[in-house]
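Asks: The residues making up each chain are set out below.
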Amino acid sequence: MTTVGLAGRLEDYIRRLDWALRDLPSEDRRNIKAEINSHLAERAAQGSSALDAAVLALGPPDRFARAFVENYELSGAVNRASPTNLLLVMLLHASRSVAAFLIGFAALIFYLFSLAFALMAVLKIITPAHVGAWINDGAVEFGAHYGGPPPGGAELLGYWVIPLAVLLALACYILGTLLLRGGARRMLRRARARTTGLRET
Amino acid sequence: MANGFNRSGMETSGWQSQLRKGASELVVLAVLAEGERYGLQVLEAANGPGGLIAEGALYPLLNRLEREGKIIARWSLDDGASHPRKYYRLSSDGERLLQEMRAIWVEFRTNMERMVESVR
Chain H
192 MTTVGLAGRL EDYIRRLDWA LRDLPSEDRR NIKAEINSHL AERAAQGSSA
242 LDAAVLALGP PDRFARAFVE NYELSGAVNR ASPTNLLLVM LLHASRSVAA
292 FLIGFAALIF YLFSLAFALM AVLKIITPAH VGAWINDGAV EFGAHYGGPP
342 PGGAELLGYW VIPLAVLLAL ACYILGTLLL RGGARRMLRR ARARTTGLRE
392 T
Chain Z
12 MANGFNRSGM ETSGWQSQLR KGASELVVLA VLAEGERYGL QVLEAANGPG
62 GLIAEGALYP LLNRLEREGK IIARWSLDDG ASHPRKYYRL SSDGERLLQE
112 MRAIWVEFRT NMERMVESVR
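Quick note, the sequences are listed as chains H and Z, same order.
If you want our numbering, it's the 1-based position in the first sequence plus 191.
If you want our numbering, it's the 1-based position in the second sequence plus 11.
Extracted from the complex, chain H is given alone in its bound form:
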């Protein structure tokens, strides 16, 4: 009866852990499950109270699983994910962290500028007269002018505006991505500090 009880408690913990790890790749999930199963089985062999103590020490399955999942989320985002996924992860964390909000917002601005410069390069080909750089009242106006060129001096750049706009688009894209990766690495370090080596006394 006791043996059945022990096995049941162990299986119950592993089943809940498995569910909490569902966002991880299946191979990693299987490995973690097998290792924790082995750990608890070894404790269970020492008796019921040893199993209870081990389960208590690991913590509730969903909280224990968070430690794995948080590391995967952020390290996956930092090392492999596209800028879109990086931005999504950053914005997901924005509600919990001011730094994530600021980084996500700044990166979004960089990407919008990148898009605007790329659009300029395309528009210069379609409507050359509306896109360029003009000197207007002593100030340089650079961009696309809706409804015809602005009054003032002649357009300065001609078709050189295309490589310049492409270069600026690339620069904004790279800066936004560097900011996101740097921010994600910083958050990863903080998440690790929270979830590893933790022994509440």
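Hints are supplied without guarantee of correctness; some may be wrong.
[Said to hold, decoys possible] Covered stretches of chain H (chain Z as the covering partner; in silico rule of three or more C-beta atoms under 8 angstroms from a C-beta of chain Z):
(1) 214–227
(2) 307–313
[Unchecked claim] Far from chain Z, some chain H residues (derived; all Cβ distances over 10 angstroms):
(3) A211
(4) R234
(5) A236
(6) F255
(7) F301
(8) Y302
(9) P319
(10) A330
(11) T368
Read the hints as simulated data drawn from the structure, not as lab findings.
The beta-carbon is built from N, C-alpha and C at its ideal position, and this holds for glycine as well.
Model the placement of chain Z on the given structure of chain H, informed by the hints.
Replies: Just chain Z, lined up with the frame of chain H:
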């Protein structure tokens, strides 16, 4: 008096927990430098001299170190064991990291000794 003691205990327990958090990676690498170990053995070695690592924190830490290539794992079904065990050992990257962390730790400890323990 008793209240003062409890409050002080609560204040230092958080600080103690932070110290352990900071040291856990170095502790795991140092244990594995002694040779190949599985999770429970790492835990017993780390917690022998005093509770240095929590069970709930050890496995996520091992998982991360493995993914970062600092340690290498293999599964083994040992004689007399009811379940396969996952054994870990240091990779060359892990050994390098351990050397660096150990040097930083020694310098830190020396500075702390000079700073804190000499003051009475």
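Asks: Now tell me, hint by hint, if it's right for this structure.
Replies: To see whether the hints hold, each was checked on the structure:
1. By the rule of at least three residues with a Cβ nearer than 8 angstroms to a Cβ of chain Z, the coverage given for the segment 214–227 of chain H holds, with 6 such residues.
2. Under a criterion of three residues with beta carbons nearer than 8 angstroms to beta carbons of chain Z, the stated coverage of the segment 307–313 of chain H fails, only 0 such residues being counted.
3. Every CB of chain Z lies more than 10 angstroms from the CB of A211/H, the least distance being 12 angstroms, so the non-interface label holds.
4. With a cut of 10 angstroms on Cβ distances, R234/H falls inside the contact zone with chain Z, its closest approach being about 8 angstroms.
5. Residue placement check: A236/H does not keep its beta carbon more than 10 angstroms from all beta carbons of chain Z (closest about 7 angstroms).
6. Distance check for F255/H against chain Z: the nearest CB is about 5 angstroms away, which does not clear 10 angstroms, and the non-interface claim fails.
7. Residue-level check passed: F301/H sits 29 angstroms from the nearest beta carbon of chain Z, beyond 10 angstroms.
8. Taking the minimum C-beta to C-beta distance to chain Z, about 29 angstroms, the non-interface status of Y302/H holds against the 10 angstroms cut.
9. The beta carbon of P319/H sits about 52 angstroms from the closest Cβ of chain Z, which is more than 10 angstroms, so the claim that it is off the interface holds.
10. Consistency note on A330/H: stated as away from chain Z, and its beta-carbon is indeed over 10 angstroms from all of that chain's, at 52 angstroms minimum.
11. The Cβ of T368/H lies farther than 10 angstroms from every Cβ of chain Z, with a closest approach of about 22 angstroms, so its non-interface assignment holds.
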